[in-house]
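K.L.:
If you want the building blocks of each chain, they are given just below.
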Amino acid sequence: MKGAITTNFRGIRALVMHGDDVNRDTLVNVLGRLGLDVTVLAPDALPADSLPHCDVLLFDADENVLVPCPSSQGTDIPTIALIGHETPSRLARVLGRRCDSHILKPIRSMGVFTALILAVNGHRQRLRSERELDALRQRLSGRREVMKAVLRLMSLFGIDEDTAYERLRQEAMDRRVPIEDAARDWLGPLPAGGRIRERKRMSGKA
Amino acid sequence: MSRGTLKIGVMFSTTGSYAAVGAAMLAGAELAIEEVNADASAPVRLEPVFVDPAGVTAAYADGAVSLLRDHGIVHVFGCYTSSSRKEVLPVFEKHDALLWYPSHYEGFETSDNVIYNGASPNQHILPLARHLLSRHGDRGWCVGSNYVWAWENNRILREALMEVRGCVMGERYFPVGETDLSEIATQIVRDRPDFVFTTLIGESSYQFFRLLRAAAEEAGLDQAAEMPVASCSLSEAELPFIGAASAGHLSSSVYFSSIDSPENKRFTARWMARFGYLGHACADAEATYTAVHLLVRAIKRAGGTGFSAVREAARGLRFNAPQGLIMVDEENLHCAMRPRIGRSRADGTFDILFEERAPVRPDPYLVWSNSATVTQDDPRHGHHLRLAP
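Protein sequence lines, in the order shown, are assigned to chains X and Y. Quick note on numbering: my numbering labels position 13 of the first sequence as 18, and the sequence is numbered without any gaps. Quick note on numbering: my numbering labels position 276 of the second sequence as 1043, and the sequence is numbered without any gaps.
Selected chain Y positions facing chain X (in silico; Cβ < 10 Å):
1) S850
2) N913
3) I923
4) Y1132
Since the hints were derived computationally from the structure, they do not count as laboratory data. All residues carry an ideal CB built from backbone N, CA and C; glycine is no exception.
If we strip away everything but chain Y, and leave its shape as in the complex, we get:
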């Protein structure tokens, strides 16, 4: 039986300041596209059109216009930062197109032109805050890149600490790309917080990990054990860039390459064979891979490839992803997923220290889960945050 070909857009920055993550996301998309095209039972063949905005926010809008208007594409996989997503949203609204956004983000958005299959704040920062408070203490130091991802995560963490009468010992922001961070590393070692929370991204982040480890060693401190650095974005894609200081850091994520399941074994084996040079598979790559499969399932369910039909078919859609069973929320088009906390290892993977027992419903506006001290089993959460069946 012959099947139609569907042109799709794939827009990630594989050059520029967050190129490492962009390359991994692109690879995740390619892996899934190959699988779909090799599967005779899939409803369509996918023909990707690639755009690299090189990490330049304004270039995302141009890229989106080119994909949607010039190529007449309706489904695009793309964006990593929130500013890039905000930049392209009007274009998608104007052209009745759907953005499949496979990155964790800070929440507080629900567009009918976006399927969000990265973690929402109740799936990344809240579980991390709980973990830090229960295992490491209530005195934190916050360092971040100066943009909305950092501000919002720090606000949530600060409120969580305040609630238990803990404290934020310091909070500093640096321009994206800043690597002159030795002074802040020294300052933090001098202050000896219970943990450090970083929302630095890209090159700034890698340099900070190295400098803090060095400053701690000089002060005779076992940084990983006594003053761990925690983050909601550190992934397998980035560990190789940190170098010798890459082990012992905490990360909150819905996916780690070390998840022990048949689906993930299959996925990581294919990943290593095809893209092993990028490091181990990471959350953003897995989410992009998963988003492509979600699209194909939604097309099958809808019986067509149109914008509204596919979006409506996506509501409530389930998929056995490498991370486990996920489900697109019928109400807000984010995904129910299992929060996990990992600790990085020298071999570029993570030990999983904690995982939620079942997928947690996405709560992008933190309506049902605004406190870090409330556990998932607390009845105050109401039905919205009960674990998905």
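Excised from the complex, chain X in its bound form:
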């Protein structure tokens, strides 16, 4: 993995969703020592639709409350499950909630730091992978258009396949758009004088 991992959590806002007991006390103390800004919320005091702003969520997986999924409000954040009961019905919820790591109860000071490191860095890696996956998906769906555009350029300008592809790639680079977008623009009905349109397009790049 490229880049250093995050090991300092100073100033990071943690939301702890757990009832008032020794587990919560221990957790809040350790998080404080690690420099996090901690907000505590009892599971029964959960707001129906949105979570308070936070950078890391730690929630009690033993309670049967539906934690609003951060992605539903557009913010996918690192999530840590606090687990006491190792029953499949509970663990299915932990999976469904896409937890990046977990802490087993009874919570001790040891293990909290590890869970934070795994959650924060694992979450970042997951987001990066998802972005890469999106890019690949987009590329895949544009492949047909690129092929068609290459054929069109070949017949329009009487050039071979390699030259046509190179020309398309160069145009995309000049316009700073994905090659799939450049290709799509060649597939619409061309007005008379395709070259003029092409020039106009290229000069419009700003």
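Fit chain Y to the given chain X structure using the hints.
P.N.:
Relative to chain X, chain Y alone:
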């Protein structure tokens, strides 16, 4: 010959929302302690120290600390709910003490600080699922108290129904202690499932039995016959609290007071004479009674009362309990026992409709028995679930 006195902890909630069961468990412990103390051949005399956490989860940890640290006790009989057991576990680990946990539970735990002598999920919910599917149908309605016991049992039942392409017509959870259940009773009668599975506990459970029976009668339905309510926890201790609607409900348990054996006749006679006012003897009381006798046998075998020595001596220990022969599993410290299905009667006891031929090994993680449709004789079970010899 003089024998030493061993202080033991007895921690059950005899007040609070599940007081009926707690009182029965305490009574089971007292009965066994009296027997041990009257027996000159027993290796120790038992001196109980009682704690009543009143059904408050946090109070269990305080109680455990007081017993283990202040009294220096090593062996404690206690807990009914899983949340209370989870609460005290760290205390037992810290103090090298052994919790004798005599209640059926949902499994998925094997602590080296606990002897589990209540039924594991393969001994209660799986036999019940098989019974319901073979006798009543594959469309069920699930109602439960909102905590891990209900969630996990419902998951297992749901998977069993899915496997035979049956369905869960509805699934609802209520806070522990909720008694406003008439709407759900009406809804269930309207849906007419083949059976209702309840994991409600305490007051909620008793009220639900009454309301469902009433709603069914109003709809001209013979609820007990056409739409039975089944549970893995309904016991003799609770039937008196249900009142007129107490008969005709199914329960899966390793013990019923109506078991016909010399050991049980002796046990129930002593129970009725001493604690008859609590109703007939129930599974949790029998298990607590049995746990005390298991401790004394383990002490005898170990030649001492220390934590590790007694735990190791308990592995593989056998006892002719009122329910029949049981054996502590060497691997997971749960017990091999015989699953039974009973149907409640108006007199506060159960008719036994089915019983396994021999004790079934405990399978707390459902490793060897995750399907309700697989019978005990299925070779796919492997050696782990063969009936214990």
